[in-house]
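The chain contents come next:
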Amino acid sequence: NAGVMQNPRHLVRRRGQEARLRCSPMKGHSHVYWYRQLPEEGLKFMVYLQKENIIDESGMPKERFSAEFPKEGPSILRIQQVVRGDSAAYFCASSLGQTRVNTEAFFGQGTRLTVV
Amino acid sequence: AQSVAQPEDQVNVAEGNPLTVKCTYSVSGNPYLFWYVQYPNRGLQFLLKYITGDNLVKGSYGFEAEFNKSQTSFHLKKPSALVSDSALYFCAGGSQGNLIFGKGTKLSVKP
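Top line first, the protein sequences correspond to chains Z and L.
Just so you know, we're using our numbering here: the first sequence kicks off at 429 and counts up by one.
Just so you know, we're using our numbering here: the second sequence kicks off at 23 and counts up by one.
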């Protein structure tokens, strides 16, 4: 089992460009979570998805950010028109079930986005 | 609002000494609590969790944590620290679905 795979590991974008971050969950996992890690704020929840459904997007900025988890393929976190403040490490996690139901989430190695 | 706090930005320990990394939580309902460790340039790795049952939870790499409901704490402990334990440690918790993370505590174990 390859674990949670995120790519790219490092991504550099100019202001105004689009960033697409990919996350392949562990085999058999159908729950995916995205977190953002800012230097002084620890990890912040962004969005929780199941296959083809967004379950909770309460942590997503209202504009420019979107996420999907299609029936086939990886989950995608998309940031349009990036700004310097989007520079952060973005972590994806997957679990068998909801994390409240006695299952831990397994994390990928993260994508470090730098906006120049 | 629910929250998880790690009051120490950094903990310094000599190798062989016991270590404690503190975590307090404010979660409605019955909390579930986790500890994760992050090594440099790596993703987060699961250490241990508390859902229900015994208040003392044993996890990976010799770590354990004690759930204390009256003090709303879930401190991470290890009887004898190793230099290789040096990393960033995150406490996380919640009760209604999604994990809330603390800011992280950098543990530095010196030989």
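One thing to keep in mind: the hints can contain errors.
What the hints assert, rightly or not - Straight-line Cα separation of at most 25 angstroms, DSS-like style, residue types lysine-lysine; simulated pairs:
id	chain 1	residue 1	chain 2	residue 2
1	L	K125	L	K44
2	Z	K490	L	K125
3	L	K125	Z	K455
4	Z	K472	L	K71
5	Z	K472	L	K44
Unchecked claim - Stretch-level coverage of chain Z by chain L, calculated; a stretch enters the list once three of its residues show a Cβ under 8 angstroms from a Cβ in chain L:
id	region
6	492-502
7	536-543
Worth flagging that the hints you see were computed from the coordinates, not collected in a lab.
Since this is a predicted model, take the numbers as computed values, not measurements.
Every residue gets a Cβ at the ideal spot worked out from N, C-alpha and C, and that includes glycine.
For each hint, the structure was consulted:
1. L:K125 to L:K44: holds (12 angstroms)
2. Z:K490 to L:K125: holds (23 angstroms)
3. L:K125 to Z:K455: violated (29 angstroms)
4. Z:K472 to L:K71: holds (19 angstroms)
5. Z:K472 to L:K44: holds (19 angstroms)
6. 492-502: It is violated, with 0 qualifying residues against the three required.
7. 536-543: With 3 residues closer than 8 angstroms to chain L, the region 536-543 of chain Z meets the three-residue bar; holds.
This entry does not satisfy hints 3, 6, going by the numbered hints stated previously.
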